[in-house]
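Top to bottom, those sequences are chains A and B.
The working numbering applies: residue 1 is where the first sequence begins, and numbers increase by one.
The working numbering applies: residue 1001 is where the second sequence begins, and numbers increase by one.
Calculated directly from the structure, the hints in this document are not laboratory data.
Think of the CB as a built atom: it goes at the ideal place given N, C-alpha and C, for glycine as much as any other residue.
Where hints are given, some of them may not hold.
What the hints assert, rightly or not - Ranges between beta-carbon positions, derived for each pair: (1) B:1056 to A:80: 47 to 57 Å; (2) A:168 to B:1123: 36 to 46 Å; (3) A:316 to B:1190: 45 to 55 Å.
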Amino acid sequence: MSKETEIVRIKNPQSIPLAEIPVMEYADFKAKMLGLLHEDSNHCVNYFAFRQDSDLQLTACIADDSKGDIALLSHKIQVQQRPTLESLTQYHFPLHIFEREITENHGIVFTGHPWSKPVRYSHDRVDQNQEINNYPFYSIKSEELHEVGVGPIHAGVIEPGHFRFICNGETVLHLEIQLGWQHRGIENLFLQRKKLMQRNLLAENIAGDTAVGHSLAFAQLMESLGGIQVSTQLHLERSIALELERIAIHVGDISALCVDVAYNLGASVFSVLRTGIINFTQQWCGNRLGKSMIRTGGTHYRFTPELKDKLLVVLEDFEKRFIEMSHYTYKLPSVENRFDNIGIVTTKQAHLIGSVGMAARMTNVRRDIRETHPFAGFSVHPYEAIVLERGDVFARFLLRRKELKKSIAWIRQALKMLDFENQVPEPPIKEINMMPSAFAVSLTESWRGEICHCAVTDENGKLAAYKIKDPSMHNWKSLELSLRNLEISDFPINNKSYNLSYCGHDL
Amino acid sequence: MISEIKIIAHNGKQFISDVTKAAVPAPFRGKPEITGTLVDEEALAEICPTGAIQTKPVRIDLGKCAFCGECALAFPAKIRFTNHHKISTNDRNSLIIHENDFSEIEVNPEKIKSEIRSVFNRSLKLRQVSAGGDNSAEWELGASGNPNFDMGRFGIEFVASPRHADGIVITGPISENMAEALQVCYDAVPAPKIIILCGTDAISGGLFADSPAVDRSFLEKYPIDLYIPGNPPHPLTIINGILDLVRGKKH
């Protein structure tokens, strides 16, 4: 093993030779990792294991929000030994999901893990005896308590997952969410598919409501591995697409919140407002969700001066109607009564569980990749994060409202910076030569929060591992906590206020 | 109250009054057209990331197509995506587009189960089952009921329980983990009942057709009443498809 134990730091997105990532003894790995994570400005954006001959290399990516870089460190173990390692979750809770994933996929047992249950019952899990349909939910023995099970199929047109409530009368003592029903083996398909375009298509189908966020993370990763630079113009165009996605989902989710508190005018108007935005995205690239927009190294759908003019009109009309409606909703006592002080997650809890994105910013945890690890257009025109304090449904509503307005302002600035006179066609690249024996990380801030894609290449420059992390992996815990001591009838409104991804989690 | 009336006035009428005639503007990719132009067919088939293009002669299977448009961008003289969105059908074979075939994709009245139009003509309640999809088809199914498209005006709605439903709408390639739940849900729907496959993933498995985490055995057991292609399908494709199925051409 390497004596070199200096942690290597990279930017977002970046690729480095695999050999440059320090491989440490586990005691050293633990000390370094916990040392980093002790600081609130550091958080783990990905931690996973991949095969290196007969070894498994556990690699952690720790993002430093104050310096804007990502620390990489790793530990190697022999696959055959099925070794046990000390769980670091007991010292730093947000690692729970990563350690559970490593146990599920590779059979490494982490001793002292508080609850090492499967993440998603993936088809290639090591322990095939565990089955999703008879998962033993956490239970409390008491004559006073009862359990309510919901799912996997829910009452609405939404994705499957199981929610198990332990209630005392109407009050929720504990909520456990078990997912995995959407698992379709997408990470393995990245390796099975050999063409860049096929992988690009997979990336935009990880989570349809975050098509731009995920495909941008993929494109950045591939461009970094292929040493490809794209123009400033394209960077800005991509970020405009990302912000349009954010606006569309935020306004749609505010509509859904209104549905749940039976405020029909709000529900209708916000829903109609969303249509205007996604129809613009369709005018741009032919798909309402922005699929086919982001391609590696270029784009088929250049943002034209005509589109700019159209977008300015769309945004002006949208903003006027949105502000009128949201201001009225904000003041409405019947709405406020249902949003206010419902589903509070405290700043301390958010730090404890490692919330990211919206779920962090609504409770005073400043975590926004656009600000701290700027990518695409945000490195051209900076973005300043919005942070709210209260951590309840109202804060989640308000954060969406504020972020949406800020995204519109950001887009307007970005539109001014677009240089159409020097714009040249920038067709997507068909195939790339990836850096051999490399490790790459790419982060984007989607509307839910940070997306992290990691790739490892072998000595021939072929993809050897592909790892996706959707922000929902962290944030489902926040939804669980938000329900404690609430009436069970408050579940739908809390759920909508987060709108977390099932498919992004289940992969 | 006055403010609310103002808001209503400012937003105006948003619903599409006739969904059967509404058009979706280009560059929306609806039904593709294939010309007889000679091209390197192997190269053309090679471009398709989902293997939806077959050669000699060239055909596109919309049940497999991800509507990414890469083929048309590379071979514009051969393939063109029109903005024609009415592409739902009950006949799997008519999802295969042939060279110089510019006919419409339609619901074949002869293939409709006899009770469908008599029973579901004015009211069709559906249970949606998401099974390994990416939430985009679910999204557009939800949008079909919004104030713009307002599918509810035709008596077509999504219900909370399979016991209240007249059929199921499946989205996603059907993950192994969802196979049992899907069967349980379908069994709970009282007869007569229909099955609608919504989106490319549901129709053929799409991008995930060969994934070992997918189990499509459910579909081998029952006839499919409607295929709604798209990635995701446009709400107008969804609504017109269902209307054609339960009401026929003249709504």
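Checked hints:
no., hint, verdict
1, B:1056 to A:80: 47 to 57 Å, "50 Å, holds"
2, A:168 to B:1123: 36 to 46 Å, "41 Å, holds"
3, A:316 to B:1190: 45 to 55 Å, "51 Å, holds"
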